[in-house]
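Each chain, letter by letter, is given below.
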Amino acid sequence: MFRSQYDTDVTTFSPQGRLLQVEYAMEAVKQGSAVVGVCSATHVVLAALKRSFSDLAWHQRKIVPIDEHIGVAISGIAADARVLTKRMRDECLQHRFVYGDAMPVGRLVHLVADLCQKCTQRISRRPYGVGLLVAGVDESGPHLYQTCPSGEVYDLVGMALGARSQSARTYLERHMDEFSSASREALIRHALWALNETLASAKDQHLSAENCAVGVVSIGDDMRFHLYEHEQVQPLLDACAFPKSGGTATETSTEQAPQNVTDSDEHHDATMQQDTP
Amino acid sequence: MFRSQYDTDVTTFSPQGRLLQVEYAMEAVKQGSAVVGVCSATHVVLAALKRSFSDLAWHQRKIVPIDEHIGVAISGIAADARVLTKRMRDECLQHRFVYGDAMPVGRLVHLVADLCQKCTQRISRRPYGVGLLVAGVDESGPHLYQTCPSGEVYDLVGMALGARSQSARTYLERHMDEFSSASREALIRHALWALNETLASAKDQHLSAENCAVGVVSIGDDMRFHLYEHEQVQPLLDACAFPKSGGTATETSTEQAPQNVTDSDEHHDATMQQDTP
Amino acid sequence: MFRSQYDTDVTTFSPQGRLLQVEYAMEAVKQGSAVVGVCSATHVVLAALKRSFSDLAWHQRKIVPIDEHIGVAISGIAADARVLTKRMRDECLQHRFVYGDAMPVGRLVHLVADLCQKCTQRISRRPYGVGLLVAGVDESGPHLYQTCPSGEVYDLVGMALGARSQSARTYLERHMDEFSSASREALIRHALWALNETLASAKDQHLSAENCAVGVVSIGDDMRFHLYEHEQVQPLLDACAFPKSGGTATETSTEQAPQNVTDSDEHHDATMQQDTP
Amino acid sequence: MFRSQYDTDVTTFSPQGRLLQVEYAMEAVKQGSAVVGVCSATHVVLAALKRSFSDLAWHQRKIVPIDEHIGVAISGIAADARVLTKRMRDECLQHRFVYGDAMPVGRLVHLVADLCQKCTQRISRRPYGVGLLVAGVDESGPHLYQTCPSGEVYDLVGMALGARSQSARTYLERHMDEFSSASREALIRHALWALNETLASAKDQHLSAENCAVGVVSIGDDMRFHLYEHEQVQPLLDACAFPKSGGTATETSTEQAPQNVTDSDEHHDATMQQDTP
Amino acid sequence: MFRSQYDTDVTTFSPQGRLLQVEYAMEAVKQGSAVVGVCSATHVVLAALKRSFSDLAWHQRKIVPIDEHIGVAISGIAADARVLTKRMRDECLQHRFVYGDAMPVGRLVHLVADLCQKCTQRISRRPYGVGLLVAGVDESGPHLYQTCPSGEVYDLVGMALGARSQSARTYLERHMDEFSSASREALIRHALWALNETLASAKDQHLSAENCAVGVVSIGDDMRFHLYEHEQVQPLLDACAFPKSGGTATETSTEQAPQNVTDSDEHHDATMQQDTP
Amino acid sequence: MFRSQYDTDVTTFSPQGRLLQVEYAMEAVKQGSAVVGVCSATHVVLAALKRSFSDLAWHQRKIVPIDEHIGVAISGIAADARVLTKRMRDECLQHRFVYGDAMPVGRLVHLVADLCQKCTQRISRRPYGVGLLVAGVDESGPHLYQTCPSGEVYDLVGMALGARSQSARTYLERHMDEFSSASREALIRHALWALNETLASAKDQHLSAENCAVGVVSIGDDMRFHLYEHEQVQPLLDACAFPKSGGTATETSTEQAPQNVTDSDEHHDATMQQDTP
Amino acid sequence: MFRSQYDTDVTTFSPQGRLLQVEYAMEAVKQGSAVVGVCSATHVVLAALKRSFSDLAWHQRKIVPIDEHIGVAISGIAADARVLTKRMRDECLQHRFVYGDAMPVGRLVHLVADLCQKCTQRISRRPYGVGLLVAGVDESGPHLYQTCPSGEVYDLVGMALGARSQSARTYLERHMDEFSSASREALIRHALWALNETLASAKDQHLSAENCAVGVVSIGDDMRFHLYEHEQVQPLLDACAFPKSGGTATETSTEQAPQNVTDSDEHHDATMQQDTP
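Protein chains in written order, with the UniProt record's numbering: chain A, 1 to 277; chain B, 1 to 277; chain C, 1 to 277; chain D, 1 to 277; chain E, 1 to 277; chain F, 1 to 277; chain G, 1 to 277.
Bear in mind the hints are in silico, worked out from the structure with no lab data behind them.
Some hints could be false.
[What the hints assert, rightly or not] Calculated cross-link-like contacts (lysine to aspartate or glutamate; reagent style EDC-like; alpha-carbon spacing at most 20 angstroms): (1) B/Lys86 x C/Asp67; (2) E/Lys50 x A/Glu91; (3) C/Lys118 x B/Asp114; (4) D/Lys86 x F/Asp155; (5) G/Lys86 x E/Asp114; (6) F/Lys86 x G/Glu91; (7) G/Lys118 x F/Asp155; (8) B/Lys86 x C/Asp155; (9) C/Lys118 x B/Asp90; (10) G/Lys50 x E/Glu91; (11) C/Lys86 x D/Glu173; (12) F/Lys118 x D/Glu178; (13) A/Lys50 x B/Asp155; (14) F/Lys86 x G/Asp114; (15) A/Lys118 x E/Asp90; (16) G/Lys50 x E/Asp155; (17) G/Lys86 x E/Glu91; (18) B/Lys118 x A/Asp114; (19) G/Lys86 x E/Asp155; (20) E/Lys86 x A/Asp114; (21) E/Lys86 x A/Asp204; (22) A/Lys86 x B/Asp155; (23) G/Lys50 x F/Asp90; (24) B/Lys86 x C/Asp204; (25) E/Lys86 x A/Glu91; (26) G/Lys50 x G/Asp238; (27) D/Lys50 x F/Glu91; (28) E/Lys118 x G/Asp114; (29) B/Lys118 x A/Asp90; (30) F/Lys50 x G/Asp155; (31) A/Lys118 x E/Asp155; (32) D/Lys86 x F/Asp114; (33) C/Lys86 x D/Glu91; (34) E/Lys118 x G/Asp90.
Based on the sequences and whatever the hints tell you, model everything.
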């Protein structure tokens, strides 16, 4: 914690060639509630845990549609995400107006990434403290991208961001071979199972129609991004057949999830300590 | 109090990915006098405690109309609130001029939030030290929103901000199930009872026509924001049947308020110490 | 005095959510010589103690007319006040030119307050170190406002600013019930008696035609701001029947002022120490 | 000398509400050589001690004409004074061009003061380190003003600025009752006697046609500012009948000056130490 | 690590005439995964190790085409590289539009270098933390250039950048005499053998069709940059006849690589410690 | 050397009202090689010691013509001088173009001084580290001015700037009564004798046609500035009859120079230590 | 090395009137590889040691043509040199376009120097860390200039810059009398002999056609700058008859070089330690 002198000004490299401010901004991404994305050869699915800052507030949106064919899951500073997603919507609209068709997903993602990169090089702004999972389809098929505060972009088959996401990533890595050929329903189940892992060590929390959102977009005739929230989520959750609250969530999930989850649980304990959502 | 180096410049992330200046601005919101908002399926009610900086001054306005269908309750730095609310009025006027109808509530709230977010990312300005409860109706029904110095927005069924507001939030959380179907009169009583909780531990203070304001907006033919101040508030207070000053306020309120208020009183003592209104 | 790190830059919040630079600017207001304002249902009266920085200089103006119907009493940094009052005169002129009638008092006051607020949020300027008492009449009647370095505005029935003003405020609070129905002459006497209180503990100083100015504006046919200085003030002072210099000023004033002034004297001693005019 | 943190940036208030940089700029004024101004009902007289930075240099001008009817005496940083006086000349020219007559003295002085005030509020510039005594006549009679680095303006009957000016001010205060009705000649003598006081304690210095300048402007037909330098000053000095060098200057002056000068000498010793011209 | 005061601000020289911030940016280049370039009299070949930040992500592109005749291999901060390569593509397009033919390679490289240099001299931006190997052909033949964060440009016959690149450079230096007359196939083998050296000390890593990309551009009729990725790379790898995993990679490579590789291995150990990819 | 806090930023006054950065810039002037100027009623003469930074370099120009009637001698930072003299040439050209005649000398000097003053008040620039001796004639006769980094201007009969210039000033002060009526030849001799004083204590240095330049401008028909360099200087040096190298220069000069030079030598020793040319 | 406070910001003078940042930039010049320039009455010759940052890179250009009649040798930061030389080429082109003939050498040099000076006075940029030797001919004959980071310009008969250049300067000083009348061939030999001195103490380095470049420009019919590199240099080197590698270079050179080289060798040892090329 005493890495002074190089970490307060984003325009300064440390002697090791690192941009510490950017790395700290990535910590802000880790503090958001968990989001998960998975991509098959035909579909992309986003799943997100909606966190409510108070019992009196509606859960905040964690998955937001950008254009007909693109949706985004958010982890990090909500106000920064709103600014970026608004810009994404404007770019898509502008593209439709100018070219008469939908913005390719990769192009949109790189526009966002350029916005993020600029904030890491100019002294007048801080980096955006938000990570996005961008799901969309275009002529080249379905795509799942991740953007970072650093301006970097990753092309993914699956990813989990936010608090306690390490356990979700462990799940995804174990099942990634099954994604490519998975059906729409199977892919949604994978996303929800992975999301459920992030709650496995928290006794009184479990996925519900209230705290969970799912977004799906597919190739084919209907290339539209569908967002499932509230009661629409319940059938999807039911299809997962999570263990109901009884016994510790971790034990129960171990029984139904693939055999190697116990191994991932050990990672849980480590990540629990460093994540403070 | 020794969190130096990361907390003086709003554009700098701490190693934990936090923006401490924004968090400090939120403390400014806590120093304002209490405001309460509640939302039913048909109405939104704001109630505010007006604080006078001197016996010689008129009480400052804490609830201000923005447009015919929208009103705002303020907690935090009054001068910042004036700037934001003035901007909100301009935006509503502009919207009526351009589109010929009323600004949707959510759109207005996000405009304010974007203004707030910008101040957290540019080095030339400090964050706005004010929180707003925005009440309004539009075609999608009644809405209660909260804006924060961080630029975040919350969609709410009820909320209390400002000094000693924890006790009001406790009240609201206990009664939130009753809000949705509450009548106009019942909803006003809930707002005033919650507001009264913030005074419960202060012996010589109680709600009066002088220190209290109420704002109501409803769906239906008359979608106008009504502000009740001075003598107009008295009937509303009378309807609450608060205990008159006699005995300690805390004890008395316990008798008439729901049974679990004593539990909330324990929270009082904690919040009393950190709030210094 | 060791509140370092948060108090040198106006754009920075302290961890308690305070803007210390603004609070220090308010100290500059306290260092000005005393000004008093009182408002009845029909009149507003300003009274000010003119301080001379040398026997060789004419007393500086402390009450200045802004427009026909508005005048201002100043406490704080004179150069800042000159800039603000000049801007107020320009705004009034502009309003008469555009709308053909007099600027409403409240609107003018909020323009000033916005100027003050901007200086508290932008890093390129310090806050204005001046407080104004603004007296005026418009269609909604007589008004007395106070503006602060913070950009806050107060709507008042009476107020005293500047060095040793606490004793004047104590006087005003004791007599505030009499203001509303007071005649023009009675209201002027109240203002001068309150102003006299600020001198009560200074042995060789007393109000005189030289060091004192009075401004009056009334509703009715003649809605003009009248400024009384030099020999014009003497009749007003004579009407107050202050005790002539003989014995200590404090004792004498106690005899003629309301009975509870002795109580206020105890406050004197405290405020004397912190005020260093 | 350890008033750190609040005194290096002019835009920052100290916790006592002071602008220390402005106060330090006023110290620069005290380091200039002495200038004196006196004002009667009909005339204004400026007198200045010209200091030469080397025997090889001509004495610098300390009294400069601004317009036909206005002249200025300078104390402080010469380069700053040149910038301000040039601006004053431009404004007078502009006024004559636009309005066809002479700039009122007070208006010109307030233009200068506004320039000075701006430098105390913007972070991009330091305050002007110069004080001006402005002498002029207009339709409202003769005027003597002083401008300060703070942007403040004083309306004066007499004043002395610069090194060892305290003794001159003491002289002026003792004789100020005689100024109003003084003749042109008498007023010049007062100015030179006051100026001579600033040299009283310096053994080998005395007023001479070389180191002294006098400026006079009067009401009446000839409202022009007359500047007396070099040989023109000698008759004015002769009329003063100063004691020639012999014995200490202080003693001698005591004999011819009014009886209470010995009292002022005690002030000399104090001010000698803090003035380091 | 205590080289304070001169290394945090890029605009400041150290007393030794060094720009430490630029040197730290060069460290960022060393942290990228390895890239290799070799140039013969007729061909230029780029080879790169694609690193995946997660098993779930596709390997990031390390070799990107710029124009028909130019390609670039990247080492360092990916987001900075994306900004620079995008600018390069724009410049090539613009050149084709204006002049009707392909941008000369050297001219393009110097445009990039000027962008980099500007960031080392202006205070508002940090240096770009990326190094590029630029391969292209134009009328003057094949070219291999390296650009640096400092804005410097090198004209090369071979080069390796990034993590553990010292061992690759050692390989290139030993074989550089063979490059000039090497066939297309031989040159590709040299590039891959050099790239393989960077993995020699890492037990479980070896070049594969997944983690490796090759780019080739040649003079002659087809002056196009060809990029080989995924399955296209396998034949090229097969042609190298690397030892399959079995025994330590270092030992095996020693057997098949030129005789002096053991000597280079000693360099490995040194560079391993300072490289922390 | 511990005058911290007030001396690094030119826009900041020290508590004593001083601008230390400006004072340090004046030290830069003292580090230049010596220049001398003398002015009679009919002529102005500049003489300068040209210092070569290497035996391989031509001596730098120390006296430069500005316009037909004006020349300048430079002491301080050469690059700053080049910028200022270029600006002076532009202003003279512009004046000739607009008004059809030569720029008055005083006007040109004040333009330069204003440029210098601006740099002492704006935070974005440092003061110019150069002093100029400006020699010229116009309708009001011959003029010798000195400009300073502070923006101050001095009107002179003689002056010496730069390293070891104190001894030259001592010479000038002793002979200044002879300047006014001196002939062209006599005035040149005075300038060279004074310049020679600056070398008096340096054993192996003496004025020569190589290291010395002389500029002369006179009233009368030919009001042109004549610059004598190289072989043109030799006759002027010969006319001075300096002692040839033999014995110490100091002793020899004492014999031929006026009798009071020995007295000045004592000053030498003092100034030698503080000057480090 | 503890000259803090005055040396990090180029806009600040030290109390001794020095601009330390500029001095540090000059250190950057010393770190470049050596360049030499010599000027006769008819020719100017540049010679430079090309340093390769790797065996794999072509030697960087150290002598670059600017216009037909001007060439430049570079020592210092290569990227800064590229920016400056590009600007020089633009200015020459512009001059040819506007005036129809070649830019005078001195004028071009002063344009560069002004660019350098600006960077030493404005806070937004660092000084250029490069020194140039500019060789050219124009109507006034052949010219050799040196520009510095400070913005200073020197007019030279010979000069050496960069690492170990002290020994070359010693050579040049010993032979400077021979330059003026030297033939083209003799002048080239002087330049190469001087350049060779910078390698004298490095055992395995000697001038070769690979690491050495020569530029020549002459008056007469062909006023073009000729650059000799690679095989073109060999005849020039052969004409110098340097001792072949055998024995220490220093000893050998002593035998063939003029007799006083041994004396210069003593300087070698001193300069070796401070130069760290």
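Structure-based check of all given hints:
For the suggested pair B/Lys86 and C/Asp67, the alpha carbons sit about 25 angstroms apart, so the restraint of at most 20 angstroms is broken. With a C-alpha separation of about 31 angstroms, the suggested pair E/Lys50 and A/Glu91 falls outside the 20 angstroms cut-off, and the hint is violated. Pair hint C/Lys118 plus B/Asp114 holds up; C-alpha atoms about 18 angstroms apart against a cutoff of 20 angstroms. With a C-alpha separation of about 18 angstroms, the suggested pairing of D/Lys86 with F/Asp155 holds against the 20 angstroms cut-off.
This hinted pair checks out: G/Lys86 and E/Asp114 have alpha carbons roughly 10 angstroms apart, not beyond 20 angstroms. For a cut-off of 20 angstroms, the pair hint linking F/Lys86 to G/Glu91 stands: about 18 angstroms separates their Cα positions. Proposed proximity of G/Lys118 and F/Asp155 is contradicted: the alpha carbons are some 30 angstroms apart, above 20 angstroms. At most 20 angstroms may separate the alpha-carbon atoms for a hinted pair to count; B/Lys86 and C/Asp155 meet this at roughly 18 angstroms.
Between the alpha carbons of C/Lys118 and B/Asp90 the distance comes to roughly 18 angstroms, so the proposed pair stays at or under 20 angstroms and holds. With a C-alpha separation of about 31 angstroms, the suggested pair G/Lys50 and E/Glu91 falls outside the 20 angstroms cut-off, and the hint is violated. Among the hinted pairs, C/Lys86 with D/Glu173 is inconsistent with the structure: their alpha-carbon atoms are about 33 angstroms apart, more than 20 angstroms. Restraint check: the Cα-Cα separation between F/Lys118 and D/Glu178 comes to about 43 angstroms, which exceeds 20 angstroms; the hinted pair is violated.
Restraint check: the Cα-Cα separation between A/Lys50 and B/Asp155 comes to about 13 angstroms, which is no more than 20 angstroms; the hinted pair holds. Our distance criterion of 20 angstroms between C-alpha atoms is met by F/Lys86 and G/Asp114, whose separation comes to about 10 angstroms. For the given pair, A/Lys118 sits about 18 angstroms from E/Asp90 by alpha-carbon distance, which is consistent with the 20 angstroms threshold. The hinted pair formed by G/Lys50 and E/Asp155 meets the criterion: a straight-line CA distance of about 13 angstroms does not exceed 20 angstroms.
Taken as a hint, the G/Lys86 and E/Glu91 pair is honoured in the structure, with Cα atoms around 18 angstroms apart against an allowance of 20 angstroms. Pair hint B/Lys118 plus A/Asp114 holds up; C-alpha atoms about 18 angstroms apart against a cutoff of 20 angstroms. Our distance criterion of 20 angstroms between C-alpha atoms is met by G/Lys86 and E/Asp155, whose separation comes to about 18 angstroms. Between the alpha carbons of E/Lys86 and A/Asp114 the distance comes to roughly 10 angstroms, so the proposed pair stays at or under 20 angstroms and holds.
About 49 angstroms separates the Cα atoms of E/Lys86 and A/Asp204, which puts this hinted pair outside 20 angstroms; it is violated. For the hint linking A/Lys86 to B/Asp155, the alpha-carbon distance of about 18 angstroms falls within 20 angstroms, and the restraint holds. Proposed proximity of G/Lys50 and F/Asp90 is contradicted: the alpha carbons are some 42 angstroms apart, above 20 angstroms. Note on B/Lys86 and C/Asp204: the hinted pairing is violated, with a Cα-Cα distance of about 49 angstroms set against a maximum of 20 angstroms.
Note on E/Lys86 and A/Glu91: the hinted pairing holds, with a Cα-Cα distance of about 18 angstroms set against a maximum of 20 angstroms. A distance of roughly 18 angstroms separates the Cα atoms of G/Lys50 and G/Asp238; the hinted pair therefore holds under the 20 angstroms criterion. Annotation: proposed proximity of D/Lys50 to F/Glu91 is violated, straight-line Cα distance about 31 angstroms (limit 20 angstroms). Between the alpha carbons of E/Lys118 and G/Asp114 the distance comes to roughly 18 angstroms, so the proposed pair stays at or under 20 angstroms and holds.
For the proposed pair B/Lys118 and A/Asp90, the alpha carbon gap of about 18 angstroms is at most 20 angstroms, so the pair holds. Restraint check for F/Lys50 and G/Asp155: satisfied, since their Cα atoms lie roughly 13 angstroms apart, inside the 20 angstroms limit. A hinted pair counts as satisfied when its Cα atoms are at most 20 angstroms apart, and A/Lys118 with E/Asp155 does not qualify at roughly 30 angstroms. With a CA separation close to 10 angstroms, the supplied pair D/Lys86 and F/Asp114 stays within the 20 angstroms bound.
Distance hint between C/Lys86 and D/Glu91 is fulfilled; the C-alpha atoms sit about 18 angstroms from each other, no more than 20 angstroms. Under the criterion of a C-alpha separation no larger than 20 angstroms, the hint pairing E/Lys118 with G/Asp90 is consistent with the structure, at around 18 angstroms.
Of the numbered hints listed earlier, those contradicted by the structure are 1, 2, 7, 10, 11, 12, 21, 23, 24, 27 and 31.
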